[in-house]
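Enquirer: What follows is each chain in one-letter form.
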Amino acid sequence: MNKKYFFLMIIVCLLFSVSSTFAAEIKIGGVAPLTGHVATFGISTKNAAGMAFDKVNAAGGVNIGGTKYLINYIVEDDQGTPEIAANAFRKLMDQDEVIAIIGSVTSSCTLAGVPIAQDAGIPVITPTSTAEKVTQTGDYIFRACFIDPFQGSVVANFSYNDLNARKGAVIFDNANDYTKGLAEVFKATFENLGGEVVAYESFTEESKTVDFSAQLTNIKAANPDVLFLAGYYNAVSLEAKQARDLGITATFVGADGWDSSELAKLAGEAIDGGYFCNHYSSEDPRPMVQNFVKEYSEKFGQTPDALATLAYDAALILVDSLERAGSTEGAAIRDAIKAFNKEVVSGQITYDENRNPIKSAAIIKVEDGKFVFHKTVNP
Amino acid sequence: MNKKKLSDTLNHNISIYNELANWKKYLIISIITLFFLSLYVMSFGLKSFLQQLINGIQLGSIYALIALGYTMVYGIIKLINFAHGDLFMFGAYISCFLGNYLIAQNFRFPFIVVLLVSMIITAILGMIIEKVAYKPLRFKPRLAALITALGVSLFLENFFALSPRDVPFPINKIVFGPAFLPFPALIADQTYNFAGISINNIRILNITVTILLMILLQYIVKKTMVGKAMRAVAFNKDACLMMGINIDKIISITFGIGTSLAAAAGTLFALNYGQLQSPYLGIWPGLKAFIAAVLGGIGNIPGAMVGSYLMGISETFATSINSNFGYGIAFVILIVVLIFKPAGLLGKFTKEKV
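So the protein lines, in turn, are chains L and A.
Per our numbering, the very first residue in the first sequence carries number 11; after that it's consecutive.
Per our numbering, the very first residue in the second sequence carries number 209; after that it's consecutive.
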């Protein structure tokens with residue numbers, strides 16, 4: 011009996027080794043929160059990156075140094091928890107021996123994993139971690155999204171040049187790095203352009219604050235042309251409603267924290283006519299965007315969100331860089347990513363010296379509770 | 209050495225202040241208040257001042273409704289019911305579901321019905337909590353009941369925050385889930401504008417309902433038989449037993465009235481802000497209202513009202529002057545008031561009998 015199994019195993023092993031010489035394979039790791047409190051983010055990411063790799067495989071694989079390799083995309087769940095993310099990175103590198111990693115989604119998880127990858131010399135592209143610190147970890151770490159300070163300056167430029175605003179006001183959460191960073195950059199950029207920030211009001215912690223009328227009354231007295239609501243959609247909806255109640259007529263502007271289907275539901279008419287900066291818009295007429303939206307919605311039954319788009323882009327960047335690197339060595343892939351310069355779904359991407367993409371942002375307008383593509387802003 | 213000197217001087221000044229005649233105290237307080245108010249008007253303008261005053265009164269009204277319940281329960285059974293903020297949350301959610309239902313049925317005046325039903329359902333929950341968690345500890349050390357109250361509070365928050373998808377059948381019909389909910393517009397929002405000062409009908413309604421409920425509460429406690437029994441229970445439980453007063457019943461009624469006020473506050477709060485953030489939304493309003501109740505003299509009904517309006521208004525003005533420290537100002541005021549008046553603004557200082 012035992013002998014029989016032994017031979018069977020040997021035959022199976024031989025078969026596998028034979029087949030693997032026929033179709034060479036490379037392994038690419040993915041880390042994403044597939045369960046837990048940000049599960050939808052992770053699922054979008056996995057779906058979109060997987061779709062990109064499937065397309066490459068269907069076309070015969072990725073061409074590295076003259077040989078075609080099929081991509082084996084291995085995704086680990088980090089549950090949105092930094093400790094688990096660190097383990098996931100380790101497992102992918104030690105056990106699966108991946109040549110590059112796409113992940114993770116949230117900045118805190120990515121920050122837990124990237125030092126390990128940096129030490130091992132495995133290139134990482136995080137699709138959506140916007141915190142500046144992520145790529146400061148080392149020269150193997152890249153991202154597909156823009157960073158928070160960039161959004162602040164895009165909003166300031168748009169307000170000054172497109173909305174012709176000369177007097178701006180800001181309301182932000184002083185306990186949250188994201189909104190604080192946005193507010194600071196907006197103020198600096200707007201003043202550099204020649205505008206005046208007439209009110210700069212803060213509050214403490216979105217989860218504790220629901221009444222903004224004291225700050226908004228100050229803002230009303232300053233009579234601004236635009237009001238920058240730097241925050242996530244829940245606080246933004248409250249601020250917008252209360253501002254309109256107090257008789258503030260300024261145009262509302264914001265950043266990617268607005269990107270939620272809940273926004274219009276919670277804020278109602280108050281948010282109509284507002285503009286915000288986002289990674290992409292599904293209504294962008296560029297053929298690349300439209301093809302992606304069509305394929306994704308056919309495959310997964312929903313319009314891709316910004317997370318899906320950025321994950322898809324990260325996959326495209328990696329595949330393109332592998333082909334140009336002509337090798338599966340970490341250092342070669344790293345140099346190829348650094349030299350990346352092409353159009354992907356969320357826009358034209360090149361990398362600056364800090365490995366942050368220089369790319370365009372989409373300005374989206376809220377009309378009758380719907381997000382309508384307004385224009386693309388180039389850096 | 210220096211620190212000691214400073215605290216000595218401070219204590220000395222406080223004792224000088226405490227020995228002053230009452231009218232002199234009021235004079236000092238009004239002069240200080242007037243000074244700050246005129247400073248504000250000079251730097252921000254009269255229009256802003258009036259608008260902020262309205263904002264502050266509106267915020268104070270919400271605190272007041274919660275604080276009334278806190279103060280009442282404390283006044284009768286000397287228990288700080290930390291679960292009060294969570295009953296406030298519960299009332300708001302009940303109103304939300306009921307409001308959605310009634311609006312779908314094209315009901316004519318949903319607000320009154322929603323308010324009353326939510327008050328009744330929450331009152332029942334309050335009485336159940338009292339029976340289950342507080343009654344067995346009634347003649348035990350007070351600290352035990354206080355810790356239990358904290359436990360009940362944490363339980364309510366975390367239980368109702370469970371996601372219906374994650375829990376088995378009977379429970380998933382009760383829990384609210386952690387997500388945001390838009391609150392139905394039970395009353396059409398209308399903004400009135402008087403010479404640049406805006407106020408909307410919901411804010412006016414909030415203030416009116418608060419004042420009406422306070423008058424009603426004062427009437428119940430001071431003029432009715434139940435109120436008389438409540439005051440008797442507050443005074444001496446053992447004597448009440450001898451006089452044939454049913455303590456259990458009276459305490460139940462007290463809890464019922466107190467929690468129904470929390471539900472009213474929750475409904476008005478949600479109506480005003482138009483959304484329910486999560487089942488944790490009661491924590492901060494609850495804490496602020498508790499501070500307001502202490503500020504006014506805990507156990508004292510008009511005191512809770514005064515304390516709440518003082519808190520709401522001062523918080524609004526402080527936020528307006530510098531939005532970074534507005535949130536903490538409530539605590540500074542609490543400390544200052546308690547230094548000068550340890551029993552709160554309208555509270556009477558009573559020595560504990562040992």
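Hint data in this document are derived by calculation from the structure and do not stem from the laboratory.
Some hints could be false.
Claimed, not checked - Subject to a maximum C-alpha distance of 20 angstroms in a straight line, what follows is the list of computed SDA-like cross-link-like pairs (lysine to any residue):
no., chain 1, residue 1, chain 2, residue 2
1, A, K255, L, N233
2, L, K218, A, T432
3, A, K255, L, G257
Enquirer: Now, for every hint given, state plainly whether the structure supports it.
Expert: Now for the hints, and whether the structure bears them out:
1. A/K255 <-> L/N233: Holds, because 13 angstroms separates the two Cα atoms, which is no more than 20 angstroms.
2. L/K218 <-> A/T432: violated (39 angstroms)
3. A/K255 <-> L/G257: holds (13 angstroms)
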